[in-house]
Amino acid sequence: MSEAESSAAGAAAGEAAAAAAVAPVTARETVYCGVCSLPPEYCEFGSTVKKCMDWLEKNNPSLHQKLYSSEALESKMGTMTLEAQQKAEKDLAKKQQKEELRQEREAAKKKASLVYIKRVERTKRKFVTVVAGIELFDLSVKTVAKDFGKKFACGSSVTKSAAGTEEITVQGDLSEEIWDELTEKYGIDEDNIKQIDESKKKSAS
Amino acid sequence: MFKKPVSASGKTKIKSSVQRNIRQKICEQFPLLAPNIDDVLPKKAQLDLIKAPDKISLYALDNQVLFFQHHDDAIMPHLKVVHKYPQCFPTVQVDRGAIRFILGGAQLMCPGLTSPGAKLPPAEENIPEGTVVVINAEGKENACMVGVLKMSSEDIKRLNKGNGVENCHYLGDGLWKMEEA
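Chains as they are written, first to last, in UniProt numbering: chain A, 1 to 205; chain B, 1 to 181.
Hints are computed from structural coordinates only; laboratory data are not their basis.
Remember, it's a predicted structure, so these values are computed and weren't measured experimentally.
Don't be surprised by glycine CBs; every beta carbon is placed ideally from N, CA and C.
Please note that a few of the clues may not be correct.
Covered by chain B, per the in silico footprint, the following chain A stretches (three or more residues, Cβ under 8 Å) [said to hold, decoys possible]:
(1) 34-42
(2) 85-97
In silico lysine-lysine, DSSO-like type, Cα no more than 27 Å apart, as pairs [stated by the list, open to error]:
(3) A:K146 <-> B:K11
(4) B:K80 <-> A:K58
(5) A:K66 <-> B:K80
(6) B:K157 <-> A:K87
(7) B:K119 <-> B:K161
(8) A:K87 <-> B:K119
(9) A:K94 <-> B:K3
(10) B:K13 <-> A:K146
(11) B:K3 <-> B:K80
(12) B:K177 <-> A:K146
(13) A:K160 <-> B:K51
(14) A:K50 <-> B:K177
(15) A:K87 <-> B:K161
(16) B:K177 <-> B:K140
(17) A:K66 <-> B:K84
(18) B:K3 <-> A:K98
(19) B:K177 <-> A:K142
(20) A:K51 <-> B:K177
(21) A:K87 <-> B:K3
(22) A:K50 <-> B:K80
(23) B:K4 <-> A:K51
(24) A:K98 <-> B:K177
(25) B:K4 <-> A:K142
(26) A:K109 <-> B:K4
(27) B:K140 <-> A:K90
(28) A:K95 <-> B:K177
(29) A:K50 <-> A:K98
(30) B:K3 <-> A:K51
(31) B:K4 <-> A:K110
(32) A:K94 <-> B:K4
(33) B:K4 <-> A:K87
(34) A:K98 <-> A:K51
(35) B:K177 <-> A:K94
(36) A:K95 <-> A:K109
(37) A:K118 <-> A:K194
(38) A:K185 <-> A:K142
With the hints as constraints, model all of the structure from the sequences given.
Quick look at the structure:
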């Protein structure tokens with residue numbers, strides 16, 4: 001396929017003067033890796049090779065076969081000197097280890113992080129529900145706020161808290177509903193959600 | 001250019017007259033792309049201008065960055081465009097050893113362009129200095145970098161030393177990842 005392309009490119013270059021007359025070529029579709037977002041052939045240079053491989057095997061077995069078969073692996077090493085190869089491998093291994101460590105740390109952090117659902121009193125019998133901390137779960141605050149508004153048919157907005165972090169303010173007392181929604185739709189573990197009732201504190205003051 | 005994540009500030013619509021100019025410039029710069037320009041940049045489409053730091057402007061269509069430009073320099077294609085129309089851009093090839101450095105954002109040095117695994121155009125198709133080129137890699141189908149030639153392709157062969165191509169946009173850099181967000 002690459003041969004056919006290069007010859008086509010050569011022909012096109014020859015007719016560069018009459019380029020405007022050359023028939024348009026069709027766009028080529030490229031597959032991108034779902035893990036690292038690069039074209040799969042470049043996955044091997046990233047730090048998530050293992051995951052990329054698994055992803056490709058699942059989603060595009062034929063390409064996986066082509067890229068990771070033993071023949072392909074052998075031919076790849078053809079033109080590099082042994083020394084450069086070793087150096088590259090060493091570098092890559094180091095990078096991968098670092099990446100793994102980073103992921104572990106992140107996972108641990110995620111486990112420890114909490115989502116707060118606060119019920120805040122407005123006037124006597126009116127409440128707003130404040131949801132803080134969902135950005136730690138790779139969710140976009142803005143879109144989730146919009147979804148809440150749609151789901152519960154109420155006002156839902158992103159506000160800045162005193163600490164400077166963004167939180168979602170939903171009008172009405174929806175703590176229970178939001179709890180369900182967070183666990184079911186967004187897959188946040190129940191242990192990571194904490195409900196706080198601020199109404200009593202406020203009324204006391 | 002995009003080693004750090006791009007923090008875009010604001011998206012504005014481009015005037016149709018300005019858009020026409022951009023179109024024309026792209027056609028002039030990449031004569032091979034000219035027959036395909038209607039596919040890449042439909043005439044009626046509304047381009048968006050996204051401003052990035054350091055006087056970089058990104059031209060986007062439907063939230064997809066197609067081209068980018070530093071100040072008033074040459075317009076450069078986004079790698080996704082290059083992947084779609086690989087034969088429409090002047091191309092050079094680097095050897096395998098250079099790939100990992102490119103993906104790390106390094107400048108492209110001449111030896112990586114002249115070794116056995118690499119490919120430069122023959123003497124009669126010399127690419128002059130300052131041209132925007134697409135960098136392909138040995139044994140790969142897709143391009144991995146877009147850059148500007150620091151010296152003509154003949155000079156690269158002759159001198160074989162120093163910085164050959166300036167790395168402007170590579171796979172996995174800030175601009176590439178911006179689209180993922």
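Against the structure, the hints come out as follows:
Chain B is given as covering the region 34-42 of chain A, and this holds because 6 residues of the stretch bring a CB closer than 8 Å to a CB of that chain, at least three being needed. Counting residues of the region 85-97 of chain A whose CB lies closer than 8 Å to any CB of chain B gives 3, which reaches the minimum of 3, so the coverage claim holds. Of the pairs offered as hints, the one joining A:K146 and B:K11 holds, with about 21 Å between alpha carbons and a cut-off of 27 Å not exceeded. For the hint pairing B:K80 with A:K58, the CA-to-CA distance comes to about 23 Å; that is within 27 Å, so the pair holds.
As the CA atoms of A:K66 and B:K80 are separated by approximately 22 Å, the hinted pair is consistent with the 27 Å bound. For the hint linking B:K157 to A:K87, the alpha-carbon distance of about 26 Å falls within 27 Å, and the restraint holds. Distance restraint check for B:K119 and B:K161: the Cα-Cα separation of roughly 16 Å lies within the 27 Å cut-off, and the hinted pair is therefore satisfied. For the hint pairing A:K87 with B:K119, the CA-to-CA distance comes to about 23 Å; that is within 27 Å, so the pair holds.
With a C-alpha separation of about 21 Å, the suggested pair A:K94 and B:K3 falls inside the 27 Å cut-off, and the hint holds. About 25 Å separates the Cα atoms of B:K13 and A:K146, which keeps this hinted pair within 27 Å; it holds. Between B:K3 and B:K80 the alpha-carbon distance is near 18 Å, which keeps this suggested pair within the 27 Å criterion. Proximity of B:K177 to A:K146 is assessed by CA-CA distance (about 25 Å); at most 27 Å being required, the pair is judged to hold.
Taken as a hint, the A:K160 and B:K51 pair is honoured in the structure, with Cα atoms around 25 Å apart against an allowance of 27 Å. Distance check on the hinted pair: A:K50 and B:K177 sit about 20 Å apart at the alpha-carbon level, within 27 Å; holds. The hinted pair formed by A:K87 and B:K161 meets the criterion: a straight-line CA distance of about 22 Å does not exceed 27 Å. At roughly 21 Å between alpha-carbon atoms, B:K177 and B:K140 fall within 27 Å of each other, so this suggested pair holds.
Restraint check for A:K66 and B:K84: the C-alpha separation of about 21 Å stays at or below 27 Å, so the hint holds. The hinted pair formed by B:K3 and A:K98 meets the criterion: a straight-line CA distance of about 19 Å does not exceed 27 Å. At roughly 20 Å between alpha-carbon atoms, B:K177 and A:K142 fall within 27 Å of each other, so this suggested pair holds. For the given pair, A:K51 sits about 18 Å from B:K177 by alpha-carbon distance, which is consistent with the 27 Å threshold.
Our distance criterion of 27 Å between C-alpha atoms is met by A:K87 and B:K3, whose separation comes to about 24 Å. For a cut-off of 27 Å, the pair hint linking A:K50 to B:K80 stands: about 24 Å separates their Cα positions. Our distance criterion of 27 Å between C-alpha atoms is met by B:K4 and A:K51, whose separation comes to about 24 Å. At most 27 Å may separate the alpha-carbon atoms for a hinted pair to count; A:K98 and B:K177 meet this at roughly 20 Å.
For the hint linking B:K4 to A:K142, the alpha-carbon distance of about 24 Å falls within 27 Å, and the restraint holds. A distance of roughly 24 Å separates the Cα atoms of A:K109 and B:K4; the hinted pair therefore holds under the 27 Å criterion. With a C-alpha separation of about 22 Å, the suggested pair B:K140 and A:K90 falls inside the 27 Å cut-off, and the hint holds. For the hint linking A:K95 to B:K177, the alpha-carbon distance of about 19 Å falls within 27 Å, and the restraint holds.
For the suggested pair A:K50 and A:K98, the alpha carbons sit about 14 Å apart, so the restraint of at most 27 Å is met. At most 27 Å may separate the alpha-carbon atoms for a hinted pair to count; B:K3 and A:K51 meet this at roughly 24 Å. A C-alpha spacing of about 24 Å is found between B:K4 and A:K110, which places the hinted pair at or below 27 Å, so the restraint holds. Our distance criterion of 27 Å between C-alpha atoms is met by A:K94 and B:K4, whose separation comes to about 22 Å.
Simply put, B:K4 and A:K87 have alpha-carbon atoms about 26 Å apart, close enough for the 27 Å limit, and the pair holds. Restraint check for A:K98 and A:K51: satisfied, since their Cα atoms lie roughly 15 Å apart, inside the 27 Å limit. Of the pairs offered as hints, the one joining B:K177 and A:K94 holds, with about 23 Å between alpha carbons and a cut-off of 27 Å not exceeded. Distance hint between A:K95 and A:K109 is fulfilled; the C-alpha atoms sit about 21 Å from each other, no more than 27 Å.
For the hint linking A:K118 to A:K194, the alpha-carbon distance of about 8 Å falls within 27 Å, and the restraint holds. For the given pair, A:K185 sits about 16 Å from A:K142 by alpha-carbon distance, which is consistent with the 27 Å threshold.
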